[in-house]
Amino acid sequence: MAGLATVFGSGAMTNSLAEIENNDALFVIGSNTKENHPIVALRMIKAVRKGAKLIIADPRRVPLVRFAHLWLQQRPGTDVALLNGMMHVILNDGLTDSAFIAERTEGFDENFRKNIGECTPESAEKITGVPKEKIVEAARIYARAERAGIYYTMGITQHSHGTDNVLSIANLALMTGNLGKESSGVNPLRGQNNVQGATDMGCLPNLFPGYQRVTVPAVRRKFEELWGVKLPEHEGLMANGMLDAALEGKLKALYIMGENPVLSDPDMSHTKKALSSLDFLVVQDIFMTETAALAHVVLPATSFAEKVGTFTNTERRVQRVRRVVDAPGLAMKDSHIIMELSGRMGYSMPYHHTEEVFQEIGKAWPAMAGISYSRLDEEGGLQWPCPTADHPGTPFLFKNGFPRGKAAFSMVQYTPSIEQPDAEYPFTLTTGRMLFQYHGGSMTRRVAPIEQVAGEPYIEINPEDARDLAVTNGTVVTVASRQGSLTVKAQVSARPGRGVVFIPFHFREAAANVLTSSKGLDPICRIPSLKVTAVRIEKT
Amino acid sequence: MEKLKNIISLTIDGQRITVQSGTTILAAARKLDISIPVLCHHPKLTATGACRVCIVEVNGIPVTSCTTAAEEGMEVITASPYIENLRRDIIDLILSDHPYDCMVCERAGSCELQELAYKYQIRTPVFRGERRIYPKRDGNPFIERDMEKCILCGRCVKVCDEVQGVGAIDYAYKGFQTKICPPFERDLSCEFCGQCITVCPTGALVSKPSLGKGRQQDIRKVATICPYCGCGCNLTLHAHKNEVIRTSSPKDSINEGWLCVKGKFGLSFINSPDRLKTPLVRKNGVLVEASWEEAFTYTADRLKQIRDTRGPDAIGGLSSARCTNEENYLFQKFLRAAVGTNNVDHCARY
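If you read the sequences in order, they're chains A and B.
Counting from 0, one number per residue, gives the positions in the first sequence under numbering that gives the first Met the number 0.
Counting from 0, one number per residue, gives the positions in the second sequence under numbering that gives the first Met the number 0.
Since the hints were made in silico from the structure, they are not lab data.
None of these values were measured; they are calculated from a predicted model.
Among the hints, erroneous ones may be present.
The list that follows gives simulated cross-link-like pairs (lysine-lysine, DSSO-like), each with its CA atoms no further than 30 Å apart [as the list claims (entries may be wrong)]:
1) B:K173 x B:K43
2) B:K282 x A:K271
3) A:K272 x B:K173
4) A:K332 x B:K282
5) A:K271 x B:K276
6) B:K118 x B:K43
7) B:K43 x A:K332
8) A:K272 x B:K43
9) A:K271 x A:K362
Simulated coverage check for chain A against chain B, where a stretch passes if three residues somewhere in it have a Cβ under 8 Å from a Cβ of chain B [claimed, not checked]:
10) 196-203
11) 414-423
12) 481-491
From the three backbone atoms N, C-alpha and C, an ideal C-beta is built for every residue, glycine too.
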């Protein structure tokens with residue numbers, strides 16, 4: 000997010016889901032789309048069947064590879080080298096879009112070109128393990144396409160150099176003019192129903208709703224006027240910063256709404272220690288999660304089926320959520336809980352209906368000002384920016400320019416991930432989701448049929464590695480990292496390459512985040528490096 | 000001029016229409032709002048021509064309108080007595096090998112075959128013959144397959160291949176024994192997306208977790224959005240009393256009516272007995288049930304105390320990518336305006 004915002008001036012999918020089927024080249028990197036965004040994958044398959052070329056770059060043979068023309072199996076954490084190698088080919092072959100570069104970008108200078116010039120496909124092959132012929136072919140397919148789309152997820156961002164990865168992707172799209180057009184763009188696929196919305200709504204320590212900086216006095220004045228109260232002038236702490244501050248004794252109270260960081264954050268023992276050192280922890284959730292178990296107060300909230308409101312999906316589409324059933328017992332709507340607490344803290348939030356909150360959002364952020372519940376009911380969803388009541392919404396971004404004026408190229412060099420395998424920890428662990436389960440599992444693990452087919456944690460091990468370890472399907476192994484260890488059954492699978500293993504992070508009984516590290520955060524957006532952890536595997 | 004070459008005109012039930020060459024008679028008729036019954040045809044799948052219900056008369060000859068391309072000067076009659084009789088016999092033949100258990104069938108009230116039997120008033124089939132009897136196989140917890148109700152239309156086979164890209168099922172065995180099933184009758188590659196259930200015209204494929212949970216007419220349907228990944232698939236939740244028993248999705252939605260295993264089958268957590276039902280407050284190290292008044296007073300007092308003694312930046316909040324926009328907006332407003340800190344973040348901001 001920070002990466003795209005730096006380059007373009009806003010961070011979101013540039014195109015719509017429906018545009019995918021009209022791509023003539025798709026470059027999917029660090030996204031197991033068929034399992035994690037199954038419906039997006041259907042559009043991609045449709046595109047392929049209409050004649051598009053699909054390139055996938057992933058350390059694992061993800062299910063979508065079956066439909067790909069080209070699969071690049073890069074070593075985890077080497078994406079920048081791969082992307083720079085591709086850009087080298089594009090530059091050498093003269094496949095850049097010079098008109099686009101001249102009119103709409105800045106920073107495509109001597110230094111940038113020199114940096115790319117040094118990243119030959121040969122050197123990229125050495126770092127990534129991808130044969131140089133494949134790098135050349137991928138570059139040519141992507142650059143020669145009329146309408147090329149890039150799709151990525153956490154395989155790109157959850158790295159100690161996640162922002163660099165995103166900047167590289169942006170460079171690739173800018174260089175070839177694949178932006179600001181239908182079916183051409185840079186598309187981060189959002190992993191949760193309302194990640195886009197939570198970000199848009201300013202649940203960020205540096206930004207008010209609508210990506211407006213808290214440190215800009217004029218912006219602050221606007222919100223002070225809207226909310227009728229004096230607001231803090233300095234940026235707050237990011238999530239992992241809050242945990243560190245708790246450990247240092249600087250943060251005393253934490254209010255967590257609908258999150259389970261104990262299971263979803265890296266280095267579980269660190270997270271637990273931090274939360275336990277707080278004077279006061281309030282958790283608001285629909286289930287007794289691992290995090291709620293540590294709380295001083297647990298507030299029973301409502302699920303999506305018990306309230307009204309809106310979610311914003313991965314393509315910036317705001318859609319209505321409607322109440323279907325009554326909440327169980329005394330469970331209360333999250334908005335009511337917040338309003339009640341706020342009143343008791345001395346700041347009254349007198350809203351009579353959820354739509355009044357929505358209307359206030361439109362006042363705070365012009366990009367949503369044209370959206371109303373009645374329009375959503377009638378039109379079935381609108382994509383921001385939608386500034387006025389007669390605006391049709393915006394299927395793809397940057398048609399008439401970038402919010403920051405000219406989009407900026409960034410000079411990016413490959414830096415190895417912080418966690419490197421060594422003699423003691425020879426394997427590279429990567430984590431992620433599987434089709435059937437979701438996140439920390441507090442929802443899916445309570446669904447009996449899902450548990451029946453996918454209720455057990457596992458570690459994917461390449462057949463050759465399994466042979467060396469004398470491990471077969473179902474063998475229980477101990478997996479240890481510099482942070483912790485767990486035991487889990489082996490699943491011998493040709494999905495990961497040699498030296499790479501995979502554990503889904505849904506299972507508390509073998510929680511992958513016992514192993515991952517909370518150190519080695521990306522220097523800019525502070526994302527943890529969940530995709531690369533050095534581990535050792537032993538038969539138990 | 001080039002374009003004009005591809006335009007043809009024909010008459011359907013006396014009405015003239017011009018269409019692109021390659022358009023089927025069925026598609027042309029639908030443009031004129033003339034309804035032709037179908038069973039195997041599905042607008043999002045390639046044509047099969049298996050069920051023959053869509054026959055129409057062209058120059059006195061019955062042809063399947065879903066697979067026959069319109070031709071210049073064609074004169075089509077969609078519902079002559081001759082065609083209607085044939086159509087009635089075809090439906091009758093299908094029903095002759097179909098169990099008569101509409102009274103307990105999950106699809107009663109939303110079954111396309113039942114609708115046609117009603118339209119053509121077929122009570123007892125004229126044709127009597129052998130019936131296919133299949134042993135029940137209970138291989139998976141998601142899809143209930145009652146192959147005696149299958150009319151072999153092939154929609155499920157096509158959706159699995161053409162839309163889902165999996166090909167988990169196909170026609171197997173031969174002749175009268177023909178049956179649609181996964182290889183070796185075991186679900187080897189099935190992703191349990193339930194797309195096959197969505198397109199099945201009869202009760203052959205239904206959602207197993209919904210079995211026996213409510214009749215069609217007792218169900219309330221509410222349009223909402225899936226709570227799982229960021230695709231934002233449009234869901235129609237089917238609720239019986241206070242329980243969500245089934246999910247479907249509108250065909251014209253951004254997800255084109257398709258769902259994945261989580262959206263289709265993964266929502267019973269809503270009614271899980273594990274749901275938190277009362278506030279809990281920690282006393283002597285243990286979380287015990289409390290009233291809202293107690294929980295609110297305690298929480299607000301502790302937060303005020305910490306704010307007043309340690310300053311507002313000693314408090315932080317983590318919001319949720321699962322909650323609504325409105326809730327997230329209120330949450331950050333609470334931290335900023337009521338507490339007085341910018342310590343607010345959420346786990347998926349990257």
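Each hint tested on the structure:
1. B:K173 x B:K43: Holds, at about 27 Å.
2. B:K282 x A:K271: Within the cut-off at roughly 20 Å; holds.
3. A:K272 x B:K173: With a Cα-Cα distance of about 64 Å, the restraint between A:K272 and B:K173 is violated, given a limit of 30 Å.
4. A:K332 x B:K282: 25 Å, holds
5. A:K271 x B:K276: Measuring from Cα to Cα gives roughly 25 Å; hence the hint holds.
6. B:K118 x B:K43: Given pair B:K118, B:K43 holds - Cα atoms ~25 Å apart, limit 30 Å.
7. B:K43 x A:K332: 39 Å, violated
8. A:K272 x B:K43: 53 Å, violated
9. A:K271 x A:K362: Violated, at roughly 39 Å.
10. 196-203: With 8 residues in contact (Cβ-Cβ under 8 Å with chain B), the coverage given for the stretch 196-203 of chain A holds.
11. 414-423: Three-residue rule not met by the stretch 414-423 of chain A, so violated; n is 0.
12. 481-491: Since three or more residues must qualify, the claim that chain B covers the stretch 481-491 of chain A is violated, with 0 doing so at under 8 Å.
In this structure, the earlier hints numbered 3, 7, 8, 9, 11, 12 are contradicted, and the remaining ones agree with it.
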